[in-house]
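Chemist: The lines below spell out each chain.
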Amino acid sequence: MTTTIGLILLSAASARAHGAEMFLGSTAANAGALGLSYDFTALNVVTSTVSLGGLTLYTSVFPGFEWLQDDAPDLGLFALKNGTPFSMQIVSITAGASIKFGSVTLKAPGDSTVVGTTTRVPGDHVHPEWQLLLPDGVTGEYTVSFKVTTTARAYSESPVYTLVLTNSMEQASPTETPTPRATTTPTPTATPTFTMTATKLPTDTVTPTATETEIPTATPIPLAGDANCDAAVSAADLTSIVGLVAGDSGPVCGADVDADGQVNEADLVAVTDSLFGS
Amino acid sequence: MQRTMRILVAAFLVASPTMVLAHGSADMLLESTASGGGQLRVEFDFGTVARVGFSASLGAVSLYTGIIPAFDMLAADEPDEGSFVLATGTQITLTVTAIDAGKTAMKVDTTSLSAVGDTVALGTVPFPHTHPEYQLQLTLPEGEYGEGTISFQLTSTGPVAYAPSDVYTLKISNGPLPLPDYDTSAYDSKNVKCLSKAAKEGGKFASKTHDLLSQCLDKLQAYEAKAALTTPPGNLAAAQAAAEKACADASGTGPDSATLLGKIAAAQAAALKNIQKACGTAGSGLATDDDMNQHLGLVSCRAQELVAAAYGLGHTQLSAFTARASQGGQPLDTYFPCLFLTGSD
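Going down the list, the sequences are from chains A and B. By the working numbering, the letter at position 193 of the first sequence is numbered 193, and the numbering carries on one by one without gaps. Just add 278 to wherever you are in the second sequence, counting from 1, and you've got the working numbering.
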């Protein structure tokens, strides 16, 4: 049991370290389709890196790819075999968006590159550079639809996922004033066909506004135990609570599980028990 | 007891060395030089480089970016190494102390660092593994070699008074070829053959560059010696002609037309062609043609440095020789940006 908790927490530590990662697994033990656990409804913010010649490059290293170290049936995912290579293949992508791995850039449908190979080293991961190259002043949402493939015979390719990049901080914040979406961003034709349950969104939090051109305005209500504010209670929250107990600043949201006005060991125990049983 | 154990397990694992293992030596580990105090220190081989790859053309500028090395915490005390874990609650700040303005920059989360004095809070210990984004801007077409540096220092506030770190200088370069990582699937026979050929051709090119430059400087020194030692000055025409033949175009149409630079350029083109035979015209799975060309540029730069080490006045001598209007065009550094010794000239 200790080992199991340990491995999960180690992955959680990495998840905290890198914000929300895309966790890779398969839909069946040593078989099935590849799948990612990630909240693909979230906006992924890229920020200005360089502005020159009338163009601005926006970048971010989040989210990265991380592979499950242990089976997570509650997520509908199982750990891949050690040494499983996996690639990212673009299905559709909005003009201006690209994904860079080292010296390889993916920016057109069909572009593909090997992302990594699974290991048994907890926390191992790969970060792409998510990029938007836009004329100065242009903001909006840009989509990247992709699937994960592998040459390993045991697994089939993943469904198509669509990740949304935005260079508008306002659009990414549910408490800001709604901002119209950029008219220069066509919506992708490909949509996610595989919905994981890992990132359970609280039902009483963000409510989309009536039209597509507006952003959510409701204020999220913290989910008890959700210390990293990712709208789910997972092992990653243990890491966040440990950090808070140690004096870290940062996300708190539902860290105060027992609502006694402070984040302490009791909250850590409560979340541990809820995840792994008392 | 059970609860205490869980907390201890959780706390221990959060501070475990796994994140170090995840990236191995690619990380810059933050630590102190003494238990409960001492000086902040970054454990990293600063003789290596932060490799950047092409991202975009922004007007006339080619932008290269990369995210390795990352910052991470030392996981456990290593007394034998004089390395100790920083105290929980220590706030670490990075300050830029020197930078190639307009050429190099880095971004940590959303904070861009592009000028001396720019600072960013890396976090409060224990803070997460953090990938800066390194940038290299070159006013050159895509695929040309270049590099620059960023120097920084760490300071802290918190429960323990650590002395500021030394100043560290990180070189950002688009030259070195990508190294095979734990991604063994990319390290296939084709890549092995490709990298082997790249290494062999790189060695030959380095040797050729070194030989051509050395021959040029030998002739220049012979010319200068004859001019200085012959009393009264004799006929220097022969020595000058030999130097011009080795170093520059005797016709005076420019230093890069037929001799030194022309031969070096031809050698680089030949090396790239031979590499492409082994790797394919689109490069291997690890490196593109542009990567290879940048790498050869790095090889040339290192060969120039080697020449500069042997010919301490080489940069000055060649500058004087090529400064004549008839051999104009561009400053010498345009052709030989690495032909100088650090701290000289």
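Simulated from the structure, these hints should not be mistaken for laboratory data. Ideal Cβ placement from N, Cα and C applies to all residues, glycine included. Take the hints with a grain of salt, since some may be wrong.
[Claimed, not checked] Which residues of chain B face chain A? A few of them, derived with a C-beta cut under 10 Å, are: (1) 325; (2) 329; (3) 568.
[To be verified] What follows is a set of in silico ranges between Cβ atoms, one per label pair, in the way DEER data are often shown: (4) A:136 with B:393: 51 to 59 Å; (5) A:53 with B:467: 51 to 59 Å; (6) B:519 with A:137: 26 to 34 Å.
Chemist: Look at each hint and say if it fits the structure.
Modeler: Comparing the hints with the structure gives:
Proximity of residue 325 of chain B to chain A is violated relative to the hint, the smallest CB-CB distance being about 21 Å (cut-off 10 Å). Because the beta carbon of residue 329 of chain B sits about 8 Å from the nearest beta carbon in chain A, less than 10 Å, this interface hint is met. For residue 568 of chain B, the shortest C-beta to C-beta distance to chain A is roughly 8 Å, which falls under 10 Å, so the interface hint holds. Between residue 136 of chain A and residue 393 of chain B the beta carbon distance is about 21 Å. The supplied range of 51 to 59 Å is therefore violated.
About 42 Å separates the C-beta atoms of residue 53 of chain A and residue 467 of chain B, a value inconsistent with the hinted range of 51 to 59 Å. For the pair residue 519 of chain B and residue 137 of chain A, the beta carbons lie near 59 Å from each other, so the given range of 26 to 34 Å is not met.
When each numbered hint is compared with the structure, violations occur for hints 1, 4, 5 and 6.
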